Structure formats: structure tokens, C-alpha cells
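S.K.: Sequence:
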Amino acid sequence: MTYDLVRGMYDILPDEIPWWQLAEDAVREMARRYNYREIRVPLVEHTELFTRGVGEATDIVTKEMYTFQDRGERSLTLRPEGTASVARAYLTHGWQTREPFQKLFYLGPMFRYEKPQKGRNRQFHQYGIEVLGALDPSVDAEVIAFAWSLMEILGLGGRILDCKETACQSFIAQAPGSADHLCPECAAHFEAVQGWLNRLGLAYDMDPRLVRGLDYYTRTVFELMSSDLGSQDTLIGGGRYDGLIEMLGGPPTPGIGFAGGLERLVLVLRERRANDVKTERLDLFIATVGEEGRRVGMKLATELRRLKKISISVDIDHRARTLRKQMAQANQLYARTVIVLGEDEARVGRGKLKDMDSGEEREVPLDPESLAELVYPACDDGCAGGCAGGCGGDSCSDHGN
RNA sequence: GGGAGCGUGGCGCAAUGGCUAGCGCACUGGGUUGUGGUCCCAGGGGUUGCGGGUUCGAGCCCCGUCGCUCCUCCCA
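Start counting the first sequence at 5; every next residue gets the next number (the working numbering).
Just to be clear, a hint being listed does not mean it is correct.
Keeping only pairs whose Cα atoms sit at most 30 Å apart, straight-line, the calculated DSS-like set for lysine-lysine is [as the list claims (entries may be wrong)]:
hint	residue 1	residue 2
1	Lys122	Lys67
2	Lys356	Lys329
3	Lys303	Lys358
4	Lys356	Lys303
FRET-style restraints, in silico, Cβ to Cβ [to be verified]:
hint	residue 1	residue 2	range
5	Gly199	Gly98	29 to 39 Å
6	Gly98	Glu307	48 to 58 Å
7	Glu77	Ala191	20 to 30 Å
8	Arg274	Ala382	22 to 32 Å
9	Ala191	Arg274	36 to 46 Å
By construction, these hints were calculated from the structure, which means they are not laboratory data. These numbers were taken from a predicted model, which means no experiment stands behind them. Think of the CB as a built atom: it goes at the ideal place given N, C-alpha and C, for glycine as much as any other residue.
Using the sequences and the hints, build the whole thing.
M.R.: Here is the structure:
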């Protein structure tokens with residue numbers, strides 16, 4: 005091993021990707037249902053955005069930021085969280101005057117210089133939502149409902165939800181705990197939020213000691229926790245940040261949102277839904293024999309892949325392996341069908357199409373369109389887990405885990 | 001930041017301080033010339049995380065260092 009991974013960084017390998025996509029798809033699906041639009045903000049921002057936005061005194065700012073100077077001697081920082089950047093984008097694009105009410109979500113890598121641990125790396129991934137421009141308690145309820153729905157769609161419902169409201173940020177610092185010390189409006193807001201949660205049937209526990217680590221939180225703060233994680237048991241954390249936009253130089257604008265860690269979600273999903281991720285099957289493997297077979301095979305493969313009307317996955321041997329090895333390879337790819345092409349097939353323009361599950365073979369013409377139709381997976385049982393594509397059917401197998 | 005444990009081929013493991021560091025999985029090739037998932041045979045791949053020390057002799061012991069895991073802390 006010549007190069008080691010940088011501490012806190014890690015590769016997500018192809019075998020693990022299905023779990024990530026399961027989690028990411030769920031976030032996107034829920035964003036669609038709740039009508040939140042995706043926003044993609046840069047990984048790099050001016051350092052000051054975070055020192056002012058997240059807070060000078062927070063752990064994130066004082067000891068966890070990846071800060072560096074660029075060639076223009078600007079102090080830049082790899083984003084440690086998403087909210088500050090989204091708030092910045094809100095102002096950058098003048099939304100405060102044009103379209104002050106925004107419902108947004110994001111998904112992507114964040115960076116914090118921390119001691120790596122299970123479910124906590126230096127480059128990690130968060131998803132989150134933000135609602136800007138509305139102070140109504142129903143928004144708090146919607147945001148919490150979103151978090152709740154997300155856990156449900158992932159099959160992780162029934163976990164614990166903590167909810168707490170404190171007064172303003174300064175108040176958190178001075179007197180953590182005690183819902184009695186709330187300012188009158190805050191108390192009313194808190195009561196209203198609870199009313200909504202009850203009406204929506206969202207279970208929650210009050211935790212008077214819950215204090216979140218970011219300076220910008222005000223009023224409502226909440227967490228969703230999982231019993232399946234060790235010491236990193238917070239799945240989602242969020243709250244209201246009514247002072248943030250103003251702190252960044254904009255007009256007074258209320259905001260609320262939450263963020264969750266993707267790797268923790270993936271850990272829990274692997275734990276609880278071990279059998280739900282299906283391995284994708286290859287629709288057709290083209291096995292070739294000899295030079296002529298290779299020529300015909302490559303041409304056919306490319307034509308099949310370029311078809312406009314029908315989408316099938318096709319692969320072909322590139323290492324001039326024996327037919328036997330190519331069959332084994334097709335098997336490893338969970339190929340649904342295999343077609344063997346050699347000189348004979350090239351000459352007559354027909355080939356033998358083998359069904360890898362039944363073992364049956366039949367003669368077929370080498371015409372791309374008709375072949376694609378023969379190979380295209382039938383729609384019988386819908387494969388759970390959201391296989392791509394238009395077929396409601398068997399584009400998954402139960403071979404893998 | 002504090003505490004504990006662990007680092008041996010890609011992965012999972014083995015090796016009373018003593019021969020060329022083994023095994024499983026995976027990988028590559030073969031089991032007559034063009035057919036898979038089983039099976040059989042063969043093969044490649046490790047300066048035992050790194051650096052020092054003790055010893056006639058270290059993968060095993062000691063020190064340091066880096067990394068990983070867990071707890072605590074913080075959080076997503």
C-alpha cells in the first residue's frame with residue numbers, strides 16, 4: 005500500500021452504494037411529497053460565513069473547521085454544515101425581496117476535523133431541509149413531520165423524538181433547561197407547536213435539557229434518535245434559527261430546519277433492513293468466440309446501448325477469456341440472458357439466446373431492436389426497494405444481499 | 001479532549017521467542033478443441049502498520065509513532 009487514506013476520509017465502494025441510494029432516494033422522495041426544492045451550494049465558503057453564522061464559540065468553529073488560504077490569500081473553509089450556506093444563498097440571490105418564502109433541501113458532503121469514530125468521519129454526508137421566511141408554528145410542525153415521515157418511509161419509525169423549546173439563543177446559554185423561563189411569545193409559540201404535533205399525531209418527549217451545539221438556534225429545537233446506534237445516536241437534529249439571516253446581513257427573517265447524517269442512516273438501514281436491498285441484474289451478457297465474434301459482439305453491444313426506445317443493460321468480455329470463463333462472468337453479474345457469438349453466428353446473422361435461470365436456449369436474429377425486446381425484463385412482481393427504470397418488474401434479483 | 005483494546009496477503013483468520021509466516025474466501029489458469037452457478041487440480045499475491053530497542057534469534061517481549069475500533073465527550 006503506497007498511499008494511505010487521509011485520516012477521517014473513506015471510500016464508499018460500489019457494493020455499499022445501494023444502501024446510500026436507498027437513503028438518498030428516501031430523502032428526495034419525502035422532499036417531493038412535502039414540496040421542498042433541492043439546492044446545491046458550494047463545498048467551499050468564506051471562513052467568516054461560518055464563524056459568524058454558526059457562532060464563534062461553537063466547537064465547530066473553534067476546533068473543527070477545515071480552513072485554508074487559497075492562492076489569493078482568502079481564508080476559505082470546507083463547509084462543516086449546510087444551514088449557513090443555504091442562508092447565504094438566500095441572500096446572495098435576493099430571495100428576501102423576490103421570494104421570501106422558501107422550502108429547500110440539500111444533500112452532500114460536509115467536513116469537520118474531529119476524532120473519527122463509527123458513524124462519524126471527517127468527511128461525512130448530511131441531508132437537511134430549511135424553511136425560510138415563515139415564523140408560524142405550523143412550519144415547526146411540518147419540519148418535524150418531515151423528519152418523522154422520512155424515518156417512517158425508511159422503516160425506522162417508532163424511534164424517540166425529543167422536542168424542546170427555549171427562549172432565545174442567549175437564553176439558552178444563560179439558563180438551559182426550564183420551560184418556565186420562556187419569554188411570553190416563545191411560550192405561546194411552544195404551546196402552538198405542541199398543539200400541532202398532537203393534532204398531527206406525532207409522538208414526542210420533552211427534554212428540558214436538550215441544547216443544540218450551534219449558536220443560531222432559537223425557540224424550537226429537536227432531535228430524532230435511534231436505539232441502534234452506539235454513542236452517535238442522533239439521527240436528525242434541528243431547530244429554529246430566526247436570527248441567522250439577520251446575523252448574515254439580511255433583513256429579519258425567520259428560519260427553521262434540520263440536518264441528518266447519511267452514514268448513520270446507512271448504518272441503521274444495514275442493521276434493520278439487511279434483506280431489502282436487491283442486486284441489480286444485467287439484462288444481457290454477450291459472450292464472444294474469436295476475432296469475428298468479438299467484432300460482431302462489440303457492434304451489437306453498442307447498438308443495443310444506443311437504442312432510443314428501449315433501455316437494457318448489456319456487457320461483453322474484454323479480456324479474450326474462454327467461453328467457459330465468460331459464462332462464469334455472466335453468472336457473477338446475475339445476467340438474465342447470454343448470447344454467444346462466434347464465426348457461425350456472424351455468418352448467418354443469428355445467435356443462440358440463453359435464459360440463465362432456466363437454461364433454455366433459442367435461436368434469435370441479431371437485429372438490435374428485436375433482440376432488445378426479447379431481453380427486456382417482463383413486468384411481473386414489482387421489485388421492492390425501487391429498482392430504476394420503467395419496468396415495474398423483475399429488474400432485481402434475490403441473489404445478493 | 002480523556003480512557004480502553006487492536007494492527008499478519010484484497011477480506012476474514014492462524015502461527016509454545018526458534019526451520020522457506022500458514023488456512024479459508026476472493027483472484028488467475030486448467031479439467032481436450034464453443035456454454036454458467038457445484039466439484040477437482042494448479043498458480044500468483046505478505047520486507048507481519050512504521051521506527052527503534054531487548055535477544056544467539058522477534059509476527060510474538062519493551063518503547064515510541066501512525067492508524068483503526070469501542071467508551072466518554074461533542075454532535076448529524
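S.K.: Each hint: holds or not?
M.R.: Against the structure, the hints come out as follows:
1. Restraint check for Lys122 and Lys67: the C-alpha separation of about 20 Å stays at or below 30 Å, so the hint holds.
2. For the given pair, Lys356 sits about 18 Å from Lys329 by alpha-carbon distance, which is consistent with the 30 Å threshold.
3. For a cut-off of 30 Å, the pair hint linking Lys303 to Lys358 stands: about 19 Å separates their Cα positions.
4. Restraint check for Lys356 and Lys303: the C-alpha separation of about 17 Å stays at or below 30 Å, so the hint holds.
5. At roughly 35 Å, the beta-carbon separation of Gly199 and Gly98 lies within the given 29 to 39 Å, and the hint holds.
6. The supplied range of 48 to 58 Å is met by Gly98 and Glu307, whose beta-carbon atoms lie about 50 Å from each other.
7. At about 49 Å, the CB distance of Glu77 to Ala191 disagrees with the hint of 20 to 30 Å.
8. Distance hint for Arg274 and Ala382: a CB-CB separation of about 31 Å, consistent with the stated range 22 to 32 Å.
9. One distance hint, 36 to 46 Å for the beta-carbon pair Ala191 and Arg274, holds here, with the actual separation near 42 Å.
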